[in-house]
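Undergrad: Given next are the chains, with one letter for each unit.
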Amino acid sequence: MGAEPKLNIPLHVKYIQSLGENKDDLTYHLTAHLRMNAVYWGLTALYIMKNKDALDREEMIEYVMSCWDEQAGGFGAHPDHDAHIHATLSAIQILVMQDALDRVDVDRVTKFILSLQQPSGVFAGDAFGEIDTRFLYIAVQALSLLGRLHELDVEKTVGYIQRCRNFDGGFGAIIGAESHAAQVFVCTAALAILDRLDVIDQETLAWWLSERQLPNGGLNGRPEKLEDVCYSFWVLSALSILKKLNWIDADKLIKFILSAEDLEHGGIADRPGDQPDVFHTQFGVAGLSLLGYPGLEDIDPVYCLPAKITEAKGLRKDWEALPRRV
Amino acid sequence: MHGVKRIRYSREALEAKQQRDKAKLQEYLALTEEIISRKKNGDYSHEAFDLTTRMLRVNPEFYTVWNYRKTILVKEFFLKSTPHQINDVLSGDLDMTTAFLKQHPKIYAIWNHRRWCLEQVPEGPTEADPNGWKMANWKKELYVVEKMLDVDARNFHAWNYRRYVLASMPVHRSEQSELDYTTRKIEANFSNFSAWHQRSKVLTTLWETGKANPAQNREEELELVRNAMYTDPFDQSVWIYHRWLIGEGSDATILQAEISSIQELLDEQPDSKWCMESLVHYKQLLLRNHSAIIGAEDRQVVKTSCLDLLLQLQHVDSERKNRYGDLAVRIRDMDI
Ligand SMILES: [Zn+2]
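Line order of the protein sequences matches chains A and B.
If you're matching positions, the first sequence starts at 1 in the numbering used here and goes up one per residue.
If you're matching positions, the second sequence starts at 1001 in the numbering used here and goes up one per residue.
Heads up, some of the hints might be wrong.
Only pairs whose alpha carbons sit at most 25 Å apart, straight line, appear in this in silico PhoX-like list of lysine-lysine [what the hints assert, rightly or not]:
{"no.": "1", "chain 1": "B", "residue 1": "1201", "chain 2": "A", "residue 2": "225"}
{"no.": "2", "chain 1": "B", "residue 1": "1040", "chain 2": "A", "residue 2": "23"}
{"no.": "3", "chain 1": "B", "residue 1": "1005", "chain 2": "A", "residue 2": "14"}
{"no.": "4", "chain 1": "A", "residue 1": "252", "chain 2": "A", "residue 2": "6"}
{"no.": "5", "chain 1": "B", "residue 1": "1005", "chain 2": "A", "residue 2": "255"}
{"no.": "6", "chain 1": "B", "residue 1": "1005", "chain 2": "A", "residue 2": "6"}
{"no.": "7", "chain 1": "A", "residue 1": "23", "chain 2": "B", "residue 2": "1147"}
{"no.": "8", "chain 1": "A", "residue 1": "225", "chain 2": "B", "residue 2": "1022"}
{"no.": "9", "chain 1": "B", "residue 1": "1273", "chain 2": "A", "residue 2": "252"}
{"no.": "10", "chain 1": "A", "residue 1": "111", "chain 2": "B", "residue 2": "1147"}
{"no.": "11", "chain 1": "B", "residue 1": "1102", "chain 2": "A", "residue 2": "156"}
{"no.": "12", "chain 1": "B", "residue 1": "1106", "chain 2": "A", "residue 2": "225"}
{"no.": "13", "chain 1": "B", "residue 1": "1005", "chain 2": "A", "residue 2": "225"}
{"no.": "14", "chain 1": "B", "residue 1": "1321", "chain 2": "A", "residue 2": "243"}
{"no.": "15", "chain 1": "B", "residue 1": "1321", "chain 2": "A", "residue 2": "225"}
{"no.": "16", "chain 1": "A", "residue 1": "255", "chain 2": "B", "residue 2": "1022"}
{"no.": "17", "chain 1": "B", "residue 1": "1106", "chain 2": "A", "residue 2": "252"}
{"no.": "18", "chain 1": "B", "residue 1": "1017", "chain 2": "A", "residue 2": "14"}
{"no.": "19", "chain 1": "A", "residue 1": "225", "chain 2": "B", "residue 2": "1102"}
{"no.": "20", "chain 1": "B", "residue 1": "1273", "chain 2": "A", "residue 2": "255"}
{"no.": "21", "chain 1": "B", "residue 1": "1321", "chain 2": "A", "residue 2": "252"}
{"no.": "22", "chain 1": "B", "residue 1": "1273", "chain 2": "A", "residue 2": "23"}
{"no.": "23", "chain 1": "A", "residue 1": "23", "chain 2": "B", "residue 2": "1201"}
{"no.": "24", "chain 1": "A", "residue 1": "225", "chain 2": "B", "residue 2": "1070"}
{"no.": "25", "chain 1": "B", "residue 1": "1273", "chain 2": "A", "residue 2": "111"}
{"no.": "26", "chain 1": "B", "residue 1": "1106", "chain 2": "B", "residue 2": "1005"}
{"no.": "27", "chain 1": "B", "residue 1": "1005", "chain 2": "A", "residue 2": "23"}
Just so you know, the hints here were simulated from the structure itself, not pulled from any lab data.
Just chain B, same shape as in the assembly (with noise of 0.2 Å):
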């Protein structure tokens, strides 16, 4: 149970609460018997197909009760019914499940039968427009996440099915409007790390697919950051995806652009944990790549202050204190 706050009921109102509760406990013991027992006997019948419909909106998370009704639609239904009846109960059961996550938004049967009716669309509407059904439908799904990512925009169940979506439609949206929306989302809100998280995800492809030029990107990337780091330098959503952009620091110039950057920040606020360890990093990524560019004093001088850098972290960041000795001991028997 997650976030459900403790409730204390004195006798006689735990005891009203029994008795008002009874007939609820009555009717949802008889009803999971009756479905039971026709599970059991293989009755595949609407009266059957109806009473799961009950019981999962009094319990969706009942996953034997969503096989079974799964089992009824392609065991008896699918085969009796004409492609035109079929897409109209997937429709249906499409409907059912939106209002469904809308009250539970985390229950992961509800978006998985959502899943599986979209797979059991027909062809149709005619042999001339084969796509027709599943085209509206994935259409549909698109709206129904984005409105779930609207109320709660860390929903990783949202986001699952989102990328889900995006890999099945039948006519494939572009990588940049996905980016566009990742934009959206961050500018909304720097802290959303599921959409810094999707933004790396889709500009990964957009580079291994030569659709963008990781050098020009790299540099906008680096100033959509620059301003979330100054809106909030302690929120680590924006620092973690720092960290994927400079990845192994293999260009010095940004690497060092980047330091002097993130010091000028430190500069100004001068307890942002996050300049200072990310400063550690990268200085570290400097001396172990870089070495060569930066003369033997520097080098020195470099190691002085990462180590300068880490004894206050110890102190501004307790909780990693021990994270932080360990990386001293290492920086300090670096060879450089």
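Same shape as in the complex, but just chain A (with noise of 0.2 Å):
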């Protein structure tokens, strides 16, 4: 037997601050609309990593706030971009981060987030109408963050994510949509933020979430589908909320978004052999965090932030991770 695996911390730091650095490449500005996410990404893999001053804050701050929308009231995903509830939320979970969200005008962001929410209760990413149970999240997310829950018809919106629910436990984009691990991580984090998880079918939803591991380790986001290791963040999380987490084999599983590390140059990628991103790479080093792996801060599984930064906020719920491991 060679030796356990380990997380490679010092080459994806390295890794995520090479990331602003290919600015000759095309592929950097094809990707400018995911561009505040892609610094959240960063920057929470960082902090959970120990490794949070290793990008700079000032030229951080300074670059979101360049992203504002003035005539929407809300951040863009680049600046000149249009606002977009996604990126509102990236922006403001940066700033808080940084803590530097007294740069926000509040009550801008707010009316902007609000302005959103559809009859249903389910909430439009922007002024053009797409609905998501995504968006969803986001809004309850950002308002919770900038202390204006408030302010949430919350039945409206707790109503849309129930009606959301399948006979499987879990929960889709819209009504009517299939169970998916992702939707089911935002619609079980917004209820707990919420706290409404008594919407959950508990039981049956944790056993559709053990089943998502699959014999390699690694988890799928629906029945009988390829194993990634984003899902690694989005089926934990729900199951650090459900306190169901010790349902699947961590040992497995930590094998295995392992074995999808880029060792040569940094980051982790959706699977073995793939093109590492920033993506995977937070949400890789996320799920480790939540299965105790040793070495990193703790995640908050409901707010995909540090747990130290959503303690200080007085917002942690009541989730549970594994222990960390020495």
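Combine the two chains into a complex, taking the hints into account.
TA: Take a look at the structure:
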């Protein structure tokens, strides 16, 4: 038997630092519509790997503020991109982690977010009307971080989630949609923030979630689909909120996540041998943190933010990760 | 990024690639700049519209450009055009997104634009036939989405879109034909859980509207499921669907019949985790809901067999051994 694989933290830190230096690369520009999210993923991963200061704080805050869409009252994904609820949450999360929330016009952002709630209770991503339970969760979390949750129509919001529940205990993107682990995460976490976990058939959902683990240790997002590192977070976060994280095999999953590391250039991919990216790096590291992998900070599965941050804001909910190994 | 293989370039190869990409990069950045500046200036011209087409061909995920395109249509084109012209331009956008989807079947922005276009289709072609254009477009939608599901029968974008189309068509299609569609999908591949899921939704609607008889359907469904179970007892889709059919297990006869049928399959396939797992679940329902109809002695037998199965499951399906342990504790403590 060879040595146990280890998370190569210094290499992943270097990888995340290098992401901003690819400006000669076409792919860098083709993904500008995800830039704000990417900064959030990068910063969160660094924070969890105890390297929060590896990116320049001032530069990051200025970048976030340069994405403010004055007309709409929200943040875009990149300067001159339209405001969108997803970029807006990432901006808020970054500013919370950098202790710079005072830079935000809280009244205007709150208004922008609340303006996106539809009569059915779900939220649209922007003024053009795409709806999804992802956007509902984003609204709930953003309002919570901004201290404005009391302005939300909770009954209406919970009502929509309730109507997305399927017989397998899971939730889909919209009413009628098939259960999907990422949508299960957003619905479960939104209900946790709203203290309405009673809406969930917890026994059935925890069963469905535990069945996401495949013989190779990885997790899939739906029955009879392939494993993917990012599901480590979607499935594990929901299981920790239900306090059933021990219903899957943690050792096998840790091995799977580590097998998707790029040990040459850093970063984690969706699967072994694939191209790494900051999204899978963040969700791989977050998954490892929930599994108690040694040397990492705790991640809060409800907010997908460092637990220290949500605790300091008095927002910690009742979830359980696996004990930190030494 | 999903499913992109890691490529290792030699230094020479990497430099050559960057050189090749350089022209593309310059062009892309110039195009981005031009579009953004026109957008800022409120330019809703034809040229601006054509520039968005060029950009979206290269980068269909650039949501700001999709937004700009819609704004040009709403703020300029729709105001100055006849319904006929509007219908034509929307058909053009629908054709464009059909082509995009073939290449990028999972990009949200493309599906969204498609939906938006459909909702903008004006009344016409004539006052006597105000739904003509709408009908023609919606009918085509169902065809497009079926083609998409032929290529990838699990694409949840396509399934969500399909449900949206079915719910929004000016003239509704019968639920029965949708049920038939799921039968075809399931028979083509029993492990297509997306189709089983859709089936559960369609049947629920049929029952709620009194268009079908639940008891009769349930019998047919159990038959279909049994075939699937025997075809591949290790495929979880069918077992999950089976659980929906049984529900809370209020019908003791069905529950007992299913328990013995699964037991038969387990005898043939002694290492089938799903047989064991389902047996535990249904026997638990039996104990919980029908303890009166089974004698005290039999109750203990059922309880013991559950505990035996859970012990085996801890070995056969070790990833979930803690779950089986928790279930065993609960069953052991059951007051029967
Ligand atoms: Zn992924």
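Undergrad: Hint by hint, note whether the structure agrees.
TA: Hints, one by one, checked against the model:
1. The hinted pair formed by residue 1201 of chain B and residue 225 of chain A meets the criterion: a straight-line CA distance of about 21 Å does not exceed 25 Å.
2. The hinted pair formed by residue 1040 of chain B and residue 23 of chain A meets the criterion: a straight-line CA distance of about 24 Å does not exceed 25 Å.
3. Between residue 1005 of chain B and residue 14 of chain A the CA atoms are separated by roughly 21 Å; this keeps the pair inside 25 Å, and the hint holds.
4. In summary, the hint linking residue 252 of chain A to residue 6 of chain A is supported, as the alpha carbons are separated by about 14 Å, within the 25 Å threshold.
5. For the hint linking residue 1005 of chain B to residue 255 of chain A, the alpha-carbon distance of about 20 Å falls within 25 Å, and the restraint holds.
6. About 22 Å separates the Cα atoms of residue 1005 of chain B and residue 6 of chain A, which keeps this hinted pair within 25 Å; it holds.
7. Straight-line distance between C-alpha atoms of residue 23 of chain A and residue 1147 of chain B comes to about 39 Å, which puts the hinted pair past the 25 Å bound.
8. Pair hint residue 225 of chain A plus residue 1022 of chain B does not hold up; C-alpha atoms about 38 Å apart against a cutoff of 25 Å.
9. Pair hint residue 1273 of chain B plus residue 252 of chain A holds up; C-alpha atoms about 19 Å apart against a cutoff of 25 Å.
10. Distance restraint check for residue 111 of chain A and residue 1147 of chain B: the Cα-Cα separation of roughly 41 Å exceeds the 25 Å cut-off, and the hinted pair is therefore not satisfied.
11. Taking the CA atoms of residue 1102 of chain B and residue 156 of chain A, the gap is near 37 Å; set against the 25 Å cutoff, the hint is violated.
12. At roughly 15 Å between alpha-carbon atoms, residue 1106 of chain B and residue 225 of chain A fall within 25 Å of each other, so this suggested pair holds.
13. Of the supplied pair hints, the one linking residue 1005 of chain B and residue 225 of chain A holds, its CA atoms being roughly 19 Å apart against a limit of 25 Å.
14. Between residue 1321 of chain B and residue 243 of chain A the alpha-carbon distance is near 16 Å, which keeps this suggested pair within the 25 Å criterion.
15. As the CA atoms of residue 1321 of chain B and residue 225 of chain A are separated by approximately 22 Å, the hinted pair is consistent with the 25 Å bound.
16. Distance hint between residue 255 of chain A and residue 1022 of chain B is unfulfilled; the C-alpha atoms sit about 39 Å from each other, more than 25 Å.
17. Between residue 1106 of chain B and residue 252 of chain A the alpha-carbon distance is near 30 Å, which puts this suggested pair outside the 25 Å criterion.
18. Taken as a hint, the residue 1017 of chain B and residue 14 of chain A pair is honoured in the structure, with Cα atoms around 23 Å apart against an allowance of 25 Å.
19. As the CA atoms of residue 225 of chain A and residue 1102 of chain B are separated by approximately 21 Å, the hinted pair is consistent with the 25 Å bound.
20. Restraint check for residue 1273 of chain B and residue 255 of chain A: satisfied, since their Cα atoms lie roughly 24 Å apart, inside the 25 Å limit.
21. Proposed proximity of residue 1321 of chain B and residue 252 of chain A is supported: the alpha carbons are some 13 Å apart, at most 25 Å.
22. Note on residue 1273 of chain B and residue 23 of chain A: the hinted pairing is violated, with a Cα-Cα distance of about 51 Å set against a maximum of 25 Å.
23. Taken as a hint, the residue 23 of chain A and residue 1201 of chain B pair is broken in the structure, with Cα atoms around 48 Å apart against an allowance of 25 Å.
24. Of the supplied pair hints, the one linking residue 225 of chain A and residue 1070 of chain B is violated, its CA atoms being roughly 35 Å apart against a limit of 25 Å.
25. A threshold of 25 Å between alpha carbons decides the hint, and for residue 1273 of chain B with residue 111 of chain A the separation of about 52 Å lies outside it, so the pair is violated.
26. For the proposed pair residue 1106 of chain B and residue 1005 of chain B, the alpha carbon gap of about 18 Å is at most 25 Å, so the pair holds.
27. Of the supplied pair hints, the one linking residue 1005 of chain B and residue 23 of chain A holds, its CA atoms being roughly 22 Å apart against a limit of 25 Å.
The structure does not agree with the numbered hints 7, 8, 10, 11, 16, 17, 22, 23, 24, 25 stated previously, though it agrees with the rest.
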